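Asks: Here the protein sequences come in this chain order: A and B.
The opening residue of the first sequence carries number 10 in the working numbering; numbering runs sequentially from there.
The opening residue of the second sequence carries number 22 in the working numbering; numbering runs sequentially from there.
Any given hint could turn out to be false.
[As the list claims (entries may be wrong)] Derived DSS-like pairs: lysine-lysine, alpha-carbon spacing no greater than 25 Å straight-line: (1) 176/A <-> 59/B; (2) 213/A <-> 264/A; (3) 302/A <-> 226/B; (4) 302/A <-> 221/B; (5) 221/B <-> 299/A.
[To be verified] Chain B residues, not near chain A, derived (Cβ > 12 Å throughout): (6) 30; (7) 193; (8) 222; (9) 365.
Honestly, the hints are just simulated from the structure, not real lab data.
Just so we're clear, the structure is a prediction, and the values are computed from it rather than from any experiment.
All residues carry an ideal CB built from backbone N, CA and C; glycine is no exception.
What follows is the residue order along each chain.
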Amino acid sequence: MAKPSRRQFLKIMGATGAALVAGRGLTAASEVHQVNNETLGMLYDATRCVGCKACMSACKRVNSDYGSLSYERAKFDPDGLWDAPQDLSGSTRTLIKLFKESDKEWSYVKYSCMHCQKPSCVSVCPVSAMTRDKISGAVVYNKDTCIGCRYCQVACAFNIPKFQWQKAIPQIVKCDLCTNTNLLKKGITACAETCPTGAIMFGKRRELLAEAKKRLQEHPGRYQQHIYGEHELGGTNHLYLSRMQFNKLGLPILKNDAPAEFSEKIQHTIYKGFIAPVALYSTLCFIAIKNMKGHGEVEKKPAGTSDTGETHNEP
Amino acid sequence: MSHDEYQRHDAKILTPSFITLLILTLIGFGLIAVRFIKGIGAVSNMNDGYPWGIWITYDVATGTAIACGGYAMAILIYIRNRMHYHPMIRSAILTSMFGYGLAGFSVMVDVGRPWNAYNFFIPSKWQANSAMFEVALCVMAYTVVLLLEFLPAVLTTLERTEWRTLQLCMDRLHHYTGINRPERLDERLEAVKDLGAWLKPRLDKALIFIIVLGITLPTMHQSSLGSLLLIASTKLHPLWYTGFLPLLFLINCMYIGYSIAILESVISSYAFKRPFETKELSGMARIIPWLTVIWLSVVVGDLAWRGQLPAAVSFDFYSRFFLLEFCLVAGGSLLMFSGKKRESIRWLFVSAVLIVLGGALYRFNVYLIGFNPGQGWHYFPALAELLITVGIVAFEILGYQMIVKILPVLPKLHTRQQLDAKHGLAEKA
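Isolated chain B (complex conformation) (with noise of 0.2 Å):
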């Protein structure tokens, strides 16, 4: 478990794909600052019919469960003990990070009285019979955890660092304001990398207890995202209300976890021109399709109970929907059973596709496209709500490429034939 199995990844931050990602990002941001100064309904089509509209499915219903590989990646390590898979973690970590904490960033967005989320720490305000608080509380925590557990790789990085982008800086700013350089500065920086040396030992001993907790919490909270529409009984429609809403989001998310690993490895290995983990992802991919089975049996069995096959299969537009998702997430699987397949990228990365398009679809059915709270109320998200979602996911992806490059966090490249590898595929470039 040494902190040698990571890397900074040596390239330039500033690319087209940064400048693009940033524009994104800027425009996002500035229609929040306008939900803020003209209310949601300035930028939205939510309504009092469809209270939750796009912010709520995709950023924090869909967003977080796409955030859980580094949920997937800790359950195969520590508890099914694969170590070998460990170099990949932190990789993980750092999408899981970002996803939580825009999830948690979105909420804000979304919420109408921000400034009243202070309740959820008083005790005589706590509402246990509330799905959603326990939600909110648990992603509170779990985003501290996840930044506990991407601590040892700033402070690895804070070990060896000589701040030397920090030292040009504070040069040229001081060089244009013409103010001295305070005294004592060096000594001060010299004191942050001693805390930094005083921690890690610590930390790592520790880190083990944090990263159990950083399974359990995504165990509690993903399940009562389904459970949050339990109490929807008469607006959401019979196809997705069912008692094991919590059961199926839980599952739905490990499937999702293990597949977003697999396509975060395959785009940034494609991205960052390193070779494909090949067979560490199509060990992976092993897992995918037993738990996408236990989640379709669950799925069918329980239509099957409660009478509502003939809906399944009557195509109108909620059955269309509901077929759909079930297509692709059993497509995905058939895929992945095939262990040939598994050990092309090209299928893996197809395969994982599916599965997390599939996984996606059924939040979207649960939180917006089943959910039909009576007539005369419609819901398309309006574009301003949109390209706040797209700004939100640009800054994510963005700070990614930012963080890789100057954090050790993706896998090192170890072996001669890697090295090798990568040359080649920098030289094809």
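Same shape as in the complex, but just chain A (with noise of 0.2 Å):
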């Protein structure tokens, strides 16, 4: 009895790596999702940027309520005169840095979520608190359903989502072009609407690639030639023009595929349907009766048998 059900056990295993081999064969030849470029996004034309950092004031100051955003103290401002963060965080949804290579080469930088076209954060997100809204394509975030388990931080390759550390009652923090605030009421996110040198051009994903594409037509010698967020991880709605190499800018360099295609693929191979759940169990279900039927007829010759179960182990 021993022998069918090792072989038996080994098959389940055979099947569970084959599922997952599988998945990785299903991926190479995935239907990729499909870009939608008329989802509103922005494009950061660095060349532009003065680094006055307007458009951190106007985010803060129009989504503070809203994100319970506060202002945050530098050590050199002990009045607390200014905001001055210092990086993206549970207070913070935008911000301008400054990348100094030489007196001659340096360029602003400007912050936020990049509003992918296929965003890892909401694939990841067990209870659908980050979701990307159809017509708009803006990845947003609900506090009301979070659980607070910060897989979307995991998840993102830009580090763009934070969490509110000192806390008690925290939430994740991002930018979600104004969804809830200024697009509502006006349109067009904060950020853009203040900038007064034009470095943010708020609009369709389309117009956007457009007006990229004509700028580094016409002054080809001004930026690199590559608009970051065209492809990278299948597409982000946030676009950028730069003349300093955008991983000088702490823009990671990255592949075109999303890695959630990847890896919902590999879980969507495994739980389809939920039939390999279900045949699992009632394989298994089969197999323990037979056991457990066979082992009862054992249970009635005299004692001492179960002492010799030893003897048919592992050949």
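Both chains come to you apart, so use the hints to assemble them.
Replies: As structure tokens, then:
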């Protein structure tokens, strides 16, 4: 009796392995997700930015109530006169930084959510607290659903979602294209509305790409010949133009496939229609009940048989 | 499968180790209170780059693997039909129950907005793309299954109980307060007993289906614990980032499960001064090297396929941790391949320890050590953070110690020699 059960056991192991291998195979021939260029986004042109940080203060002014954002004090400022965040944080959704290579080589850069076309954070959120608005394309967070597991932070390749570590009632904070504030009232994000130099352009992804390509064509010497976000991780709605190399500005060099496609493919292959778990359960039930019956007969024999059980162990 | 296979361990509950564990537990739970009042940042070094720290890495990812003794034993007994291991399953299930229950509890400490956890039960919020969703539901379901699997131990005790401790407490309480005892108390206690007696045969009939569910669920969520990191393609080091993560985690939890079952048996035999179950353990130890060989081949084959073998032997920070993990698992398995070493409790113990350490280090490597969110981020657990984990583990051991002394959990010593051996040990002690 030991033999068939072992064979079945190995079969199950094999099936699990095969399912996983199949998962890999399928990924290669995946149906690629559709990029929707009618969704909203922003084009940040680092060569036009003067680093005035008006976007940062506009963002906090408009969104502070909605995201329970507070002002961040700096060490040099004991009177608390300025809001001086060092990085994106549980109180800051957008940030301007200066990268200085030499006195002649420097650039500002603006950080905020990239609003991916296939966002990892949305793919991993177990309770749908992070969602991508089908029409606007904005990746939106709902604190009333969020359980605070921070899987979105693990998943985001840009390290955008931030958690309020110092609060007893914390939440995730990230740019949501002013979905519940400025976009709702004025149809434009607060940062793009405020920017005095036109470094932040707000619009549909199609228009933004066209504008970026136009700028690259008109001033080829002024830019890196690359629109950051056009293809990165399956495309983002927040696009960048810059003179300096993007990775020097803290924008990582990334592949063109969305990580969420790969992970979802594996998860879906294993759990497609819940067939595999049900099949596993029924097979195991069949084996276990058969074994139990067999054992019942053995038990009726005089005691001591169980001690010999050791002999029909592994060969 | 009679319940006479198990017995209660007759010993005092209040021992020095009990008090030490109790103090550690209290410190841990005190710090948990601080976490809920002042926020996670007050006790933990977790940050936006390393949003998962030691609580998820140890208590959840590694803790549930260590709690896979019950899973591994159930496969061995019910699927591979080795019924003679049956007496060992109850203690394995008890440790699994504590492991999983407390992993769930740790999650509630770790998540920022636990009051929203009810969303897991609201279909419109379900997110089947998320490995976390699958892990959460499976772990919850499995904890319930473990409770049901353990219920027979409670019911058998209930059958025979005379409520002596309860009566004693009641007597004292009513003596101090001067209130009369409620008249119908005995009647009600009798009703509880009747309910237990009614439930027991029905539970026994359904138990096999629950047990098989207890095999299916860990197969699902242990592989999903690996899937959790599939999304972190840019952050997890290529030595560990592979599409085979789910398979590797599944096999990993199996060999950890058998090894931990061996360790539990050896340690509890030693601590409770019972004879060692050498024969059963060496039989069980035969399976482990086969599992580890499969696991190690998948690891090496996958690295070779992805062209990462040079990185594995480059002796940089990541390579060292990888090699350590690899050598611990391989070393332990080599020892277990030898039939002679398997007969010795000492070698069994050593090799099982090596394999558990190696397997656990693999999970640490995937969740923490090989995880790099980018420049400028650092994480090492804070003291308070560690003490919370220590407190939870202490509580686990404390509960195990107490329950084996209250309920029939440990395998019954039936033969004359075993009883004699126990007497001998007791006298020596």
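Asks: Among all the numbered hints in the text so far, which are the ones the structure does not match?
Replies: The structure breaks none of the hints.
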